[in-house]
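**Student:** Given two chains presented individually in distinct reference frames, assemble the corresponding complex, making use of the accompanying hints.
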Amino acid sequence: MNLESLYREEWRRVLATTVRLTGDFDLSEEAVQDAFVAALEQWPRDGAPANPYAWLVSAARNRVVDQIRRRARLADQGMEIERMAALETSEIDLSEAAMVDDQLRLIFTCCHPALAVEAQVALTLRTVCGLTTDEIARGFLVPVATMAQRIVRVKRKIRDARLPFAMPPKERLAERLDGVMLVVYLVFTEGYAATSGKIWIRRQLCDEAIRLGRLLCELIPRNPELRALLALMLLHDSRRAARASADEQIITLEEQDRELWDRREIAEGVPLLEAALREGAQGEYALQAAIAALHARARRPEDTDWAQIARLYDTLLQRRPSPVVELNRAAAIAMAEGPASGLALIDALEAKGELAGYHLLPAARADLLRREGRWREAAEAYRQALALVANDPERQYLNRRLAEVEGLQSAGGALGAPGIIY
Amino acid sequence: MQYLLLIYDNEANFANMSQADFATMLQDYGRFTQSIQQSGHHRAGQQLQPVATASTVRVRDGKRQVTDGPFAETREQLGGFYLIEAKDLDEALAIAEQVPSARIGSIEVRPLVPPRS
Numbered sequence: 002m003n004l005e006s007l008y009r010e011e012w013r014r015v016l017a018t019t020v021r022l023t024g025d026f027d028l029s030e031e032a033v034q035d036a037f038v039a040a041l042e043q044w045p046r047d048g049a050p051a052n053p054y055a056w057l058v059s060a061a062r063n064r065v066v067d068q069i070r071r072r073a074r075l076a077d078q079g080m081e082i083e084r085m086a087a088l089e090t091s092e093i094d095l096s097e098a099a100m101v102d103d104q105l106r107l108i109f110t111c112c113h114p115a116l117a118v119e120a121q122v123a124l125t126l127r128t129v130c131g132l133t134t135d136e137i138a139r140g141f142l143v144p145v146a147t148m149a150q151r152i153v154r155v156k157r158k159i160r161d162a163r164l165p166f167a168m169p170p171k172e173r174l175a176e177r178l179d180g181v182m183l184v185v186y187l188v189f190t191e192g193y194a195a196t197s198g199k200i201w202i203r204r205q206l207c208d209e210a211i212r213l214g215r216l217l218c219e220l221i222p223r224n225p226e227l228r229a230l231l232a233l234m235l236l237h238d239s240r241r242a243a244r245a246s247a248d249e250q251i252i253t254l255e256e257q258d259r260e261l262w263d264r265r266e267i268a269e270g271v272p273l274l275e276a277a278l279r280e281g282a283q284g285e286y287a288l289q290a291a292i293a294a295l296h297a298r299a300r301r302p303e304d305t306d307w308a309q310i311a312r313l314y315d316t317l318l319q320r321r322p323s324p325v326v327e328l329n330r331a332a333a334i335a336m337a338e339g340p341a342s343g344l345a346l347i348d349a350l351e352a353k354g355e356l357a358g359y360h361l362l363p364a365a366r367a368d369l370l371r372r373e374g375r376w377r378e379a380a381e382a383y384r385q386a387l388a389l390v391a392n393d394p395e396r397q398y399l400n401r402r403l404a405e406v407e408g409l410q411s412a413g414g415a416l417g418a419p420g421i422i423y
Numbered sequence: 025m026q027y028l029l030l031i032y033d034n035e036a037n038f039a040n041m042s043q044a045d046f047a048t049m050l051q052d053y054g055r056f057t058q059s060i061q062q063s064g065h066h067r068a069g070q071q072l073q074p075v076a077t078a079s080t081v082r083v084r085d086g087k088r089q090v091t092d093g094p095f096a097e098t099r100e101q102l103g104g105f106y107l108i109e110a111k112d113l114d115e116a117l118a119i120a121e122q123v124p125s126a127r128i129g130s131i132e133v134r135p136l137v138p139p140r141s
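In order, the protein sequences belong to chains A and B. The first sequence maps to residues 2 to 423 in the numbering used here. The second sequence maps to residues 25 to 141 in the numbering used here.
The hints are simulated quantities; they were obtained by calculation from the structure and are not laboratory data. Hints are not guaranteed to be accurate.
To be verified - In silico PhoX-like pairs for lysine-lysine, Cα to Cα no more than 25 Å straight-line:
id, chain 1, residue 1, chain 2, residue 2
1, A, K156, B, K111
2, B, K87, A, K158
3, B, K111, A, K171
To be verified - Simulated restraints on C-beta separations:
id, chain 1, residue 1, chain 2, residue 2, range
4, A, P222, B, R55, 38 to 44 Å
5, A, S323, B, E121, 25 to 31 Å
6, B, G86, A, Q150, 34 to 40 Å
7, A, Q319, B, P139, 50 to 56 Å
8, B, P94, A, L41, 54 to 60 Å
9, B, P94, A, V325, 36 to 42 Å
10, B, E132, A, L183, 35 to 41 Å
11, B, P94, A, Q385, 28 to 34 Å
Beta carbons are placed, not taken as given, at the ideal position from N, Cα and C, and that holds for glycine.
Here chain B stands alone, though its shape is the one from the complex (with noise of 0.2 Å):
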């Protein structure tokens, strides 16, 4: 079963954090992902681009709409993902509180549809 960890935080925790602490998330980050590598749950992973980049795309009576900006302005933004294989929620949640983020964010656990076969 293949589950989505969406990694939210504030932006500006990241801007506003010291030098010495962020190259500390860094790293917990590089061993985080190294470790659920090894363990083989790592589908995949990537950070996002902060939301002052993102762009979205809407089609209404086949005309497209683009705005700037994400799709809605929270609190806590979408900085990243990982992509992992969990054998139940249970996994999944005991993998998603290691993400270094939950300390100060929020992980949001979706689980993906199987695909068809």
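Bound-form chain A, shown alone (with noise of 0.2 Å):
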């Protein structure tokens, strides 16, 4: 038997449960760990139980009861006692349906709109992906104390403002679930391209957003949204091996080795995205995922459908305007129709100034600037972008950049040179 393994796939499943039966989130926490500490000691010894499943659960259960009887017993609280005298002898629910419900509870709280985003982000790693403070702390590049902190601190809030934990009521399920979807999607993004730090891909976060979100297309079957999220994840990630060198340089999408693509990820994320569209996904997640799809389709860099992707980018404005899609819309212009139609559509957002203070908007006027042959002004954009970027990688990927314009504008030379989409 594998603890390491059995760890990883019942951690969730026993927390879940636990909560659900003793109505304590942070007693059950600490209650699975020793459970899985017990089962390390006593397995090996005595033989795995036939369903370890219940016996984690019971295991579990039987602690919090404990500890509770313990409290209740100092406070001299005869009905908390006598609660957990009955829960102690109680069957345990441990139908597959229970189950699923008992997980799709956990999600659901850990993405509860009362509490923080950042919050949310770090106890759905913690309690539902399994993984140390540690881990999360280094994924988000904060010490751990503080990631401690911000969990311990979120844990109260939900005892001491009694967050239920429940599924959200049908008219609210909707939205609750696109916070849920946001929460997945924010660890997926933060593992594609770290906002800072030497490390730009942090492979565990991108795995644990997919587990996330193959886990959720199970517990909610059809839901095309979620599908849809499911595919863009496994569509973007499909490129990860490709995207950066060995010593952690950015490889732009143009200049990628596409043999290094990931043909699984790709024959998977392409037909679920179809299943989605087809049963009405309409959701940004999903354009998003259509455009990446376009991407994963294109066998060369000169096959993609830029027209296509531009106008995907119309739809994806409509539905919700952001200064940072309108600049990737510029981008995919420019590449349709050539550097200066996406220039002037750059301009025009930089007037309005919601983008000051954000690198990739001058470093993708220096991008088209390049193609166009002018050097000098490219160059200064790169040292524009520069000044803002916050990771090591990026940052040497523009100095790499403003080096190569730097020495074809005192060459006089003109050259074709490929994009800025990493």
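**Tutor:** Following this line, the structure appears as structure tokens:
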């Protein structure tokens, strides 16, 4: 019996059921931890139980009962002692349906809108994915103590404000599911391109986000937006091995070795997206996934259907106006119609001032100026981007480009060169 | 479990409201109060006089300091409150969203520390 893989598989399910039974988030987490430790001692000696999940749940439940009872005795709370006695002897519903509900309740509680979004992300990774506080802190580049504090604080709020461990009512389900999907996507995007630090792609975060996406698709079957989200993550992730060199240098979409793209993920993501679209997915994840699919489909960079990508960005903009999407649209139009059209859009966007401080605005400008052979202006724009960028791999990439255009500027050369999408 | 719903809105909103809108608002409040009384959630509730009437007291080194005005000057002011009984935060939030001022201001939902037995 491999306990580590058992931990991976069972942690969430055991915790979810223990919280349902005892109603105490914090104690349950400790108790489940202890139950796994006990299993590690007992199973190799006495043999593994027939139903590990049931064994772990009942061990964890008994630990929580002990804790609450001890506390209740000290405070002389008769009702609480009675409640624990009943809980200890109660039959545990271990049916598949109950297990699915427990896990959903756990996810919806972790992603409750009354919790700060960063706390939702941390709590989901801790309780649903079973990551340690250390791992989460490393993933988000905050000190371990800060992350531990964040998790303690959010659990305290769950307890003291009495957040229900419950499914949202039907009329709120869609809105609450949006919140859950946002948390999953935030985990993914932080893994896909870290906002700061030395390491650009954090594989563990991408993997956890995809795992969460799969779990949600299993728990809430046939939800088109959920499937679109999973497809989007798979399609982005399929380029992982090609997006950075062994020494963490960024490789742009145009320069990537497309042989390194993960064909399995593409083969899963594309039909998943097609099914989602057929079933009516029309949210932003579906649109972004459709764009990613057009990239995945292009065997060579020049095969990319940029006109179609620009149209998808149009639709995305109508759904959810955002200056970042406008910038992406400008880049797509530049690829479809030529750099000059893109530059005009970027200038207009810059004039609005909403993206002041965002390094990808001057970086995109620089890229188009470079394609136009306007070396001096391109160099200037790369310098602006460099002043704003926060992570090392992107800084190195921009420096590389800057050196390139400076060289071309002094040589007076004119050479087309590839683009800015990573 | 008891929750305090703190009603924050901009007093200027009320000052600038037409008489008809103000009357509607009052009616809405009346209806809301009645509805949570009937459902058994209502424990207490009251409107506050404007912040211009507020005084703030502190005792420092055994000496009392009284100042004019609220504890903090903010864009929205505490204008009233409800004390409600709800089974959990979701129920409290569902009630808070029906407070008429939620449409123009904000309702802060604060759980009360349960009395020690």
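**Student:** Work down the list of hints and note, for each, if the structure agrees.
**Tutor:** Hints and how they fare:
1. A:K156 x B:K111: At roughly 18 Å apart (the allowed maximum being 25 Å), B:K111 and A:K156 satisfy the hint.
2. B:K87 x A:K158: violated, 36 Å
3. B:K111 x A:K171: With Cα atoms ~18 Å apart, B:K111 and A:K171 stay inside 25 Å; holds.
4. A:P222 x B:R55: 38 to 44 Å: holds, 42 Å
5. A:S323 x B:E121: 25 to 31 Å: Given range 25 to 31 Å: holds, Cβ gap about 27 Å.
6. B:G86 x A:Q150: 34 to 40 Å: Since B:G86 and A:Q150 have Cβ atoms about 35 Å apart, the given range 34 to 40 Å holds.
7. A:Q319 x B:P139: 50 to 56 Å: Roughly 54 Å apart at Cβ, these two residues keep to the hinted range, so it holds.
8. B:P94 x A:L41: 54 to 60 Å: Hint holds: Cβ distance 57 Å, inside 54 to 60 Å.
9. B:P94 x A:V325: 36 to 42 Å: holds, 39 Å
10. B:E132 x A:L183: 35 to 41 Å: Hint violated: Cβ distance 23 Å, outside 35 to 41 Å.
11. B:P94 x A:Q385: 28 to 34 Å: violated, 45 Å
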